[in-house]
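> Sequence:
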Amino acid sequence: MLELSKDEMVELLTRLKNEAQKEIPMLELEQHWTNIVHDGHLKQMNEFHEYFLKLQEVGYMRDVDSRRVFLNYPELYSQNSRFWKKSILQMLENSRDYGIPLDPTIMKNGFERIDEWLPCYKTFICGYADCHNYVQKCQKDHALFFEFVKWAESQDTMRRQSLLDALANPMQRLTRYRLLLEAIRKNTVGDAKQDTIQEMITRIEKAARDVDETLNKNDLRDKLIEVLKAIESYEAIDCKEFERIFSTKFYIPLADPMPYCVGEPQFRRVYLRDDLKMKDGKYGKKIDVHCILFTDLFLICKISNKRYGRLRILKSPIHITKLRIQRFPNHSNFVVTPINDFGMPSALYYFSATSTENTRKWFDMIDTALKDFYDLKHNVFLSIFSIFFF
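Everything in the sequence shown is counted per UniProt numbering, starting at 1 for the first residue and increasing by one.
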């Protein structure tokens with residue numbers, strides 16, 4: 001046997017240590033996926049769902065909506081099992097068959113197909129708030145469901161978690177994948193392998209952004225629905241007469257995606273709302289109004305019930321790109337005019353705020369909303385342009 005020098009021995013020990021440390025994040029990824037798919041939360045929730053359906057088949061809790069309780073856990077479990085087989089399992093088998101260290105680049109095939117399982121995450125995340133509220137309500141109102149939850153939480157695999165906490169586990173899964181892959185990349189030798197892992201990280205980051213965007217849109221839509229619930233009627237015209245003449249059911253599309261934005265649906269958000277005094281024209285009668293500024297429109301309402309926050313839309317909505325605003329010399333009054341498609345003003349609305357500070361706030365927020373609307377249209381255009389030309 002060749003005798004090693006002291007320096008060679010230290011170099012060998014350092015290399016062995018580095019190799020051992022490199023395996024730690026790889027083993028953590030393996031263990032993480034094993035827990036998720038084989039005996040972890042997804043498998044457990046999928047089994048609870050199956051038990052629940054069996055109980056319903058024999059007559060128990062048929063008035064409880066299983067889809068609202070367990071959302072799409074069966075789909076999440078199925079997609080993650082498929083991901084395991086196409087990604088992690090191939091890497092493990094390669095290591096076991098050839099007696100070599102885990103090769104993270106073998107996982108690339110699974111991460112390249114992320115678009116197949118990303119939609120089920122979006123479905124889960126968008127539905128979780130309703131699931132949480134529904135489970136809480138059923139626990140209070142339904143004795144048998146309360147007993148089912150109590151039984152589920154008594155299982156050893158729950159580790160003293162409540163069912164509601166366990167149901168929320170997939171929320172941070174994509175972030176966890178990214179952190180694990182970044183740890184692996186730091187401990188991987190070779191530019192080619194590092195580049196491959198970086199590609200996987202990039203795909204996960206894009207998927208996480210897509211999910212966050214979906215969640216934000218869902219949150220915006222929920223807030224718009226709450227605003228819509230407060231609106232009793234649209235009084236800019238006689239809606240009943242409109243429906244009678246045109247045989248068209250009238251509705252207020254505040255919670256619909258914004259028009260003039262191509263591509264993915266974009267939902268408006270509320271920038272500012274406040275009580276103001278308004279005159280319709282210079283000699284109009286001064287009345288109390290409640291105005292709401294959205295991303296793409298300005299809404300003039302009348303308060304019909306202050307106690308319950310009920311509103312009636314008084315004037316036709318003004319699109320943010322068609323709105324002109326001018327401050328008066330006293331700085332507490334301002335005028336708004338909607339400009340039609342022919343560049344002509346169609347009305348003059350005189351507003352007075354409670355202070356110059358409130359007036360300044362309206363000007364600032366209208367400028368911000370207009371800028372954000374144009375930025376949104378520009379970004380959507382660039383994303384569509386990149387799809388077709390790059």
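Source of the hints: derived by calculation from the structure; they are not laboratory data. Since we're looking at a predicted model, the values are computed, not measured. Note that beta-carbon positions come from the ideal geometry of N, C-alpha and C, so glycine has one too. Hints should not be assumed to be uniformly reliable.
[Claimed, not checked] Computed beta-carbon distance windows for the label pairs: (1) Thr123 - Leu164: 39 to 49 angstroms; (2) Glu205 - Lys229: 51 to 61 angstroms; (3) Lys285 - His132: 41 to 51 angstroms; (4) Asp364 - Val189: 21 to 31 angstroms; (5) Thr157 - Gln90: 23 to 33 angstroms; (6) Ser332 - Ala143: 57 to 67 angstroms; (7) Ile339 - Arg273: 34 to 44 angstroms; (8) Met344 - Lys371: 37 to 47 angstroms; (9) Thr157 - Asn187: 46 to 56 angstroms; (10) Lys223 - Glu357: 18 to 28 angstroms; (11) Asp65 - Gln90: 19 to 29 angstroms.
> Run every hint past the structure and note whether it holds.
The hints, checked one at a time:
1. Thr123 - Leu164: 39 to 49 angstroms: violated (19 angstroms)
2. Glu205 - Lys229: 51 to 61 angstroms: violated (36 angstroms)
3. Lys285 - His132: 41 to 51 angstroms: holds (48 angstroms)
4. Asp364 - Val189: 21 to 31 angstroms: violated (54 angstroms)
5. Thr157 - Gln90: 23 to 33 angstroms: holds (27 angstroms)
6. Ser332 - Ala143: 57 to 67 angstroms: 60 angstroms Cβ-Cβ, so the 57 to 67 angstroms window holds.
7. Ile339 - Arg273: 34 to 44 angstroms: violated (23 angstroms)
8. Met344 - Lys371: 37 to 47 angstroms: violated (25 angstroms)
9. Thr157 - Asn187: 46 to 56 angstroms: violated (31 angstroms)
10. Lys223 - Glu357: 18 to 28 angstroms: The hinted range 18 to 28 angstroms holds for Lys223 and Glu357, with Cβ atoms some 25 angstroms apart.
11. Asp65 - Gln90: 19 to 29 angstroms: Violated - the Cβ-Cβ distance for Asp65 and Gln90, about 38 angstroms, lies outside 19 to 29 angstroms.
Consistency note: the structure conflicts with the earlier hints numbered 1, 2, 4, 7, 8, 9 and 11.
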